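Residue strings, one per chain:
Number of protein chains: 2
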Amino acid sequence: MGFTERLLLFLRVAESKSFTSAAEQMQVNRSMVSKQIHKLENELGIRLLNRTTRSMSLTSAGNEILVQAKRLRTVLDETRLQAQCFHTKPMGSLRINSTCHFGRHYVQKAVVQYQKLYPEISIELRLEDKMVDLIAENFDLGFRTGYSADSSLIYRELARNRLLIVASPDFLQRRGTPQSVAELEQLPAAVYSSNGSLMDKFKYYESNGEESYIHLNVVYKTNEQDGLIEAAVTGNMLSVVTASMINNEILEGKLVPVMTHINLADFGTFYAVYPHRDLPLKSRLFLGVIQKVIGERVPIWEQRIPDFEKLYVNRSVPSALISS
Amino acid sequence: MGFTERLLLFLRVAESKSFTSAAEQMQVNRSMVSKQIHKLENELGIRLLNRTTRSMSLTSAGNEILVQAKRLRTVLDETRLQAQCFHTKPMGSLRINSTCHFGRHYVQKAVVQYQKLYPEISIELRLEDKMVDLIAENFDLGFRTGYSADSSLIYRELARNRLLIVASPDFLQRRGTPQSVAELEQLPAAVYSSNGSLMDKFKYYESNGEESYIHLNVVYKTNEQDGLIEAAVTGNMLSVVTASMINNEILEGKLVPVMTHINLADFGTFYAVYPHRDLPLKSRLFLGVIQKVIGERVPIWEQRIPDFEKLYVNRSVPSALISS
DNA sequence: TCGCATTGTTGCCATTGTGACAACAATATA
DNA sequence: TATATTGTTGTCACAATGGCAACAATGCGA
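Here the protein sequences come in this chain order: V and Y.
If you use numbering that gives the first Met the number 0, the first sequence corresponds to residues 0 to 323, in order.
If you use numbering that gives the first Met the number 0, the second sequence corresponds to residues 0 to 323, in order.
Just so you know, not all the hints are guaranteed correct.
No copy labels: a pair is met if it fits in one copy or bridges any two.
Unchecked claim - Pairs of lysine-lysine, DSS-like flavour, derived with a Cα cap of 30 Å: (1) Lys202 / Lys220; (2) Lys69 / Lys38; (3) Lys88 / Lys16; (4) Lys115 / Lys38; (5) Lys34 / Lys88; (6) Lys38 / Lys88.
Don't read these hints as lab results, they were simulated from the structure.
No experiment lies behind these values; they were computed from the predicted model shown.
Between the sequences and the hints, there should be enough to build the whole structure, so can you do that?
Right under this line is the structure:
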């Protein structure tokens with residue numbers, strides 16, 4: 000472990016505020032960390048960390064060096080990335096992060112096809128709905144719904160993913176098919192909810208273009224998206240879902256889209272996210288594969304809804320669907 | 000040797016265009032270099048250098064990686080520098096580069112005093128008149144005459160160093176003391192010359208402020224500055240020298256300044272040069288010492304010329320003399 | 001207030017990766 | 001064509017490195 004590696008180790012320690020957890024992240028022994036940090040402090044001739052056995056804080060010098068260590072990490076990451084851009088055949092490994100549902104249903108499928116095409120690449124797929132730091136955790140690609148402007152990441156639109164309201168035919172027969180917002184708001188509904196953010200209010204555009212909101216009568220909220228579909232199929236309530244959550248339930252007659260004339264605000268467009276404008280070959284190829292999986296022009300989930308274009312004709316189409 | 004060290008090694012190889020000389024600079028075996036470059040190429044998955052046994056060139060990928068390697072070196076250098084700025088007592092080593100004459104006569108003296116004050120610092124002083132890359136060669140301080148705008152270095156004015164015309168009393172008695180430029184141009188002269196740049200034309204300002212040039216009758220040119228003094232003392236010619244070249248020759252009556260009413264354009268102000276705005280303590284202290292050596296307000300060499308201020312009263316004074 | 005568990009430190013030791021050496025191969029120059 | 005220079009490769013001894021385990025310090029909870 001050289002000077003540079005020590006700096007990166009220090010960065011880890013500072014970011015996790017703990018020798019022990021830094022050691023775990025780097026998969027080395029605690030004692031290593033202690034020794035290397037000492038060595039680094041000797042090399043630099045300054046104390047970087049004030050540490051008692053139970054707590055630690057950066058010295059003022061440590062703060063400055065931390066900034067440098069971050070720059071260092073950036074340079075090294077970009078160097079590796081640059082190199083990968085020159086690859087003529089894909090190689091190495093691919094670390095992918097995705098939201099859970101999309102990951103299970105689509106990324107997973109793409110991974111299988113990708114591995115068949117390029118078996119020499121080892122893939123790691125991690126699914127989690129909470130936002131993670133792609134750079135710090137060294138992911139090559141992320142798949143997210145919605146755009147997050149604060150980061151330095153690059154976002155590329157993959158496919159639109161419209162909001163639908165669905166219910167089982169059985170349910171509709173019993174409770175009546177809602178024709179107006181007022182009727183809709185009477186019916187029991189299942190909605191997605193996560194981390195305290197409850198989605199019970201949905202923006203839509205009235206025919207004159209004005210914004211309005213639907214306040215649903217929420218009786219079931221879950222962060223398990225398949226649960227929403229199941230809840231609707233079971234027939235006790237209607238569900239607000241995105242098109243990508245629907246498998247064959249509509250084709251098989253288990254679910255029926257309702258209130259299709261309502262122009263619900265667009266929601267949850269899928270993006271591929273990556274840490275740098277220049278994509279390495281291996282990542283570029285993966286995007287190609289997943290684009291095939293989810294459909295080039297029309298997302299596969301819309302193809303599973305008969306007459307989707309006609310049903311939802313009054314909705315605005317996203318500006319551009321990427322063709323790889 | 001880790002990934003980073005390999006990148007820096009690659010940088011060395013690319014800059015010196017040779018495995019062998021890179022090995023010498025890094026003080027390692029040739030075979031090391033070969034192996035490490037191979038390893039780096041494997042890690043990056045790309046070929047960096049096209050090499051035959053006798054020649055080498057960068058690949059296009061190598062060119063990009065080279066840029067990154069340079070960034071890397073910068074970050075690491077700045078990190079070390081930052082750390083040194085936090086030192087409360089001077090430590091480590093000090094690498095100094097200086098022009099030959101100034102180095103022998105003044106830096107040398109400062110080094111001795113400095114070592115007496117801070118014996119724990121090891122000093123390396125390299126004298127050479129040709130410009131060197133302070134950053135690539137890892138110098139902490141450089142002493143140069145004249146300002147070079149192209150680089151990213153920081154320049155700090157140390158002392159003015161005026162151009163004088165001197166001759167021995169003996170010579171002046173035999174050939175007459177020149178009173179006008181025309182007379183001056185008749186007399187044989189010794190001037191400084193180096194690397195093909197012959198300094199036989201000197202700009203001066205006439206009393207009305209207009210620029211003019213003196214074309215000397217050069218009979219001796221040398222890059223050995225002490226030789227100019229000696230030539231004048233010997234009495235066969237006059238010499239154009241800078242004030243810093245004169246030791247006690249004028250005090251001892253061996254040389255006499257002539258044409259002191261001519262307002263020769265300022266030339267060769269001494270600068271301290273360093274790679275970054277923030278100076279480490281050890282460097283700051285050295286600048287303090289050398290400033291003491293060469294004089295705080297009036298350069299020591301001017302103090303060795305009686306009535307300097309009166310003789311050269313009509314010359315413009317440099318904007319600011321730095322007081323440490 | 002006391003005890004426990006967590007966390008950083010230190011000394012010791014086996015292992016592994018490292019760099020030196022030397023022979024080889026290739027090519028530019030004389 | 002011969003020679004010297006320069007990059008490559010295989011082998012081997014050795015030292016630095018990182019893991020282990022015991023230790024020390026301290027914050028938190030009971």
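Evaluated hints:
1. For the homomeric pair Lys202 and Lys220, the shortest alpha-carbon distance inside one copy (18 Å) is at most 30 Å, but the shortest distance between copies (87 Å) is not.
2. For the homomeric pair Lys69 and Lys38, the shortest alpha-carbon distances inside one copy (19 Å) and between copies (25 Å) are both at most 30 Å.
3. In this homomeric assembly, Lys88 and Lys16 come within 30 Å of each other (Cα to Cα) only across copies, at 29 Å, whereas the closest approach inside a single copy is 40 Å.
4. In this assembly of identical chains, the alpha carbons of Lys115 and Lys38 lie at most 30 Å apart only when taken from different copies (29 Å versus 46 Å within one copy).
5. For the identical chains of this complex, Lys34 and Lys88 are inter-copy neighbours only, at 24 Å across copies versus 40 Å inside a copy, given an alpha-carbon limit of 30 Å.
6. With identical chains, the CA atoms of Lys38 and Lys88 are at most 30 Å apart between copies only, with a shortest distance of 19 Å across copies and 40 Å within one.
Hint compliance for this structure: every hint is met.
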